[in-house]
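**Q** This is what each chain is made of:
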Amino acid sequence: MLDHCSIFHKGGLVLWSRSFTPAASQLAASSASPINWLIRDALIEGRAAEEKYEKDGYAVKWTFVNDLELIFVVAYQRILQLTYVEDLLASLKTVFVKLFQPFLTTFVASLHAVNNRAVGTVNGSAELTTWNFAKAFEGWDTVFDQLLKRLEGEAAADRKARLRSVPRIAIDSESPGSSDVDTAPTESPNMAQDEQQIARNVQALKNRLRGRGGRRGGRGMARTDSGSGRESYPNSDSDSTLKKKPKKVQRKWENGSITESDMASLDYSSDKPNDTDAQNRGSLNVNALVDEASLGTRTKDGLYEVKDWDFGKNTGDADAVISEALNATSKVPATSGSMGALGSIFARLTGSKVLSEDDLKPVLEAMKQHLMKKNVAKDISEKVCEGVGESLVGKKVGGFQTTNAAVRQALSNSITRILTPKTSTDLLLSIRTKLSSPLSSTQQRLPYSITFVGVNGVGKSTNLSKVCFWLIQNGFRVLIAACDTFRSGAVEQLRVHVRNLGMLGMNGAGDSKGRVELYERGYGKDAAGIAKEAIAYGRDNDFDVVLIDTAGRMQDNEPLMRALAKLVSVNNPDKILFVGEALVGNEAVDQLTKFDRALRDFSSSGAVGKGRGIDGMLVTKWDTVDDKVGAALSMTYVTGQPIVFVGTGQTYTDLRQLRVANVVSAILSD
Amino acid sequence: MAEPEVAPEALPVSSALAASPQVLIAASLFVALLAIAISLWLRRKSQSRGNTILFVGPPDAGKTAVLSTLVYRQTLPSHTSLQTNTSVLTLLNNKTVTLVDVPGHPRIRDQLLDHLSDAKAVIFVVDASTVSRNGAAVAEHLHKVLHAITSLPPSHTPPALLILAHKSDLLKTGAASAAAVPDQLAINRVRTVLERELEKRRVSQSGAVGIEGLGADGEESSEGAGLECNGPSGGSFKFAEWEGGEVEFLGTSVAVGEKVSAEEKSGGKGISELSQWLEELP
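As they're listed, the protein sequences go chains A and B. Counting in the numbering used here, the first sequence runs from 24 upward without gaps. Counting in the numbering used here, the second sequence runs from 160 upward without gaps.
Simulated from the structure, these hints should not be mistaken for laboratory data. Hints are supplied without guarantee of correctness; some may be wrong.
Derived DSS-like pairs (lysine-lysine); straight-line CA-CA distance at most 27 Å [what the hints assert, rightly or not]: (1) A:121 <-> A:84; (2) B:254 <-> A:457; (3) B:303 <-> A:457; (4) A:445 <-> B:254; (5) A:457 <-> B:359; (6) A:445 <-> B:359; (7) A:651 <-> A:384; (8) A:598 <-> B:397; (9) A:406 <-> A:651; (10) A:457 <-> B:279; (11) A:651 <-> A:396.
With the hints as constraints, model all of the structure from the sequences given.
**A** Put into structure tokens, the structure is as follows:
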């Protein structure tokens, strides 16, 4: 069922983790574990508010404990529809924090040792020996098992309850097959035994509560069998074969059709008081299945109580904690509410004000409005604010910091993270690396190719010529491929640019004739073919860079998007730059997602598997938006790719690189 | 259970305060002044130190693992870090240093700059077993670090720079070099790869016409700087000739889940050399 579960500090140290399959434990140890991907792709990029993250067939869900800076993560196979994972995370969180609060606080303090107080706690030589993590969390394994078991049992019971309403046949076919109640093989055999016992106790309790006190009928038995799952199977099976040898002849193992009578004989799900055999079997097996030692006690009202599980010395109260966690999560806000406004002021003054969801709501709403005023797309501003909220709930705000200031600070951090590129934006270096990379003797050096894509009228050709100017200044020979074979005047426009660039010269000295050329094949031709010819021409004529200009297209126009994907898959350019205008608002999200997806989907025809997506963005018309630069945030959030250039005017030199700090301050300014 | 316990505790406090608003104001003023005083005192105290050891480097290099080995005397398993870890380590001679582990993810590695001004040493951790594959990315990160160190104000004593060839135990040693110490092998490999990649960056950026930063006022020096060398090799990048100061190398390895005992095993030296290096820092 589950593959991996992990509890770790935001700084990266893992406090406790368990893998449920060998494959998962191997994967978890490597740097490519789904959890590492979750952190890199989702949490660091400000997507913490999303519900789950999927990677390599795994689905990952997580939850934060912000005051202790812990993250709880559960990873499982994506195809499974596990309904209880969120409950599991929520109860894990509550129980873990409750059980180990003092240790965790010391631990977190040791990772924030900036002031003397913390030095004192970590300093003493006696303290050093007490960092025994295995000992600190002993007993947690059992608690975890019990918790997991309980939730799985609940989920299974839920499912059964739903199935019970449909005709009997469905139950019959379902209950023997419900072995997915069972956890995946756990690592130690004694753990398996524990689970078995827990399951028995749970089952016994259920039966009692159902009002079937006294003797257990055949029904209770059969349910216990199916409920305790795989581990108990061999056990009970051998039991029954021993006890009823004569019956064995009747068993049919072939996969043929099941007759009504077979079904009836296999049906243990209802009471059959007449069936003495079943009755016998039941009484015989009761002893085998209910361990005397772990039998619960009976209260005065006749209520059967499951014996407290033996967790080891320090966790005797774990059961109470678990049940409290499971049904009383809503009490938490109530306790803080009882302090009243005065208490909250006092708490703030003493620097222990804990941010609650209610505190954050109005501030986050205001921040969202603010972002939208700065032209950030609506969806994006919602997600960013949710992510910020997620990282602040439960956090203590110190001293005189208002909620507003805390949110502002967190938002600024989050936006900085999103805008900071995660891949190198050094175009010159990657061009030089490609041009100087060693080649085999038969290969001919291909020029570095950059494709410009985007919707109509955003300035693809204009900014292509600016990039071209910059490349020429750096001493490259550039070929421009006119692959916009649709819009009239597109080729002529590029021709004018090439003529101008040829006359401008390099570094102010002399003209740069021969440094730039236009490759054109007129209108109405296949753009992919022209680009291919252009790259071949560039290779033969010793050009360093080929800039491919494509026709603008709307993201919804599938034939045109397919044509673009074909161009990409045929020529496999080194960089695909998406050109978007800074004026765009909500549309930015749609444009980018659809361009990215279309490129990935349609260009993945080959055996390579995943197609190419957008590698970077060029934001144009930046000079027209003043400080409403939200489009930059929307674009980087959607793709996760960096903004390589910013177009800021009409001349060839009006090309800039993005400074993250500037954009952040522009977005946050009032 | 929790509610009845809290309520009686909270009630007397609020009722007592509500009864006399003057007391409340006076008390809050007093607390406020006290808090200001304490925070100022702490800030001054922490700033005057400047004995921070920074752990930087690409993600998955093992920064957090080294930190946990040093601080907790055992190597905890770790995931990619989301935030900076700061811990205090007591050295054998009873001096304390603050260890700061800056996450290596490109989006958050710039936090380095917040800590650099009071750094005594910068330790750049490199995964020796993968450096030949992702040398370019590692070099880009190291370049940023070098650039940050060289652009510190001249009055500031530059921090010592140590490049840690980590995970030397994972390095596949060929039959021929089996005799060689894995640590030394790791150091050599890291040094060669990084020098090659940094030289590439230096060549590409020397004489290149950069693009102006948006709204840059010229006070920010160009990104390309920080790789200047002077020496017999004619300006090409060598760690030995780097202008920013001396660069040292060490090879280390840790094993997850292992406790560091006083007597090291014979196989790898683990991080004992690193501890020694930290001891010897002025």
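**Q** Given the hinted pair residue 651 (chain A) and residue 384 (chain A), is their alpha-carbon gap at most 27 Å?
**A** Since the Cα atoms of residue 651 (chain A) and residue 384 (chain A) sit roughly 24 Å apart, the hinted pair holds (cutoff 27 Å).
**Q** Check whether the Cα positions of residue 598 (chain A) and residue 397 (chain B) lie no farther apart than 27 Å.
**A** violated, 31 Å
**Q** Within 27 Å, alpha carbon to alpha carbon, are residue 445 (chain A) and residue 254 (chain B)?
**A** Violated. Residue 445 (chain A) to residue 254 (chain B) sits at ~38 Å, over the 27 Å cutoff.
**Q** Within a Cα-Cα threshold of 27 Å, do residue 457 (chain A) and residue 359 (chain B) meet the stated pairing?
**A** Between residue 457 (chain A) and residue 359 (chain B) the Cα gap is close to 11 Å, so the pair holds against 27 Å.
**Q** With the threshold set at 27 Å, check whether the alpha-carbon distance from residue 457 (chain A) to residue 279 (chain B) stays at or below it.
**A** violated, 38 Å
**Q** Taken at face value, is the distance from the CA of residue 457 (chain A) to the CA of residue 254 (chain B) at most 27 Å?
**A** violated, 50 Å
**Q** What's the verdict on residue 651 (chain A) and residue 396 (chain A), does the C-alpha distance respect the 27 Å limit or exceed it?
**A** Between residue 651 (chain A) and residue 396 (chain A) the Cα gap is close to 7 Å, so the pair holds against 27 Å.
**Q** Hinted pair, alpha-carbon criterion (27 Å max): residue 303 (chain B), residue 457 (chain A). Please report holds or violated.
**A** Given that 27 Å is the threshold and the Cα spacing comes to 22 Å, the pair holds.
**Q** Against the 27 Å threshold, does the CA-CA distance of residue 445 (chain A) and residue 359 (chain B) hold or violate the hint?
**A** holds, 20 Å
**Q** Next pair to validate is residue 121 (chain A) with residue 84 (chain A); report whether the Cα-Cα distance is within 27 Å.
**A** Since the Cα atoms of residue 121 (chain A) and residue 84 (chain A) sit roughly 21 Å apart, the hinted pair holds (cutoff 27 Å).
**Q** Keeping to a limit of 27 Å between CA atoms, is the pair of residue 406 (chain A) and residue 651 (chain A) held or broken?
**A** holds, 19 Å
Violated hints for the displayed structure, listed by number in ascending order: 2, 4, 8, 10.
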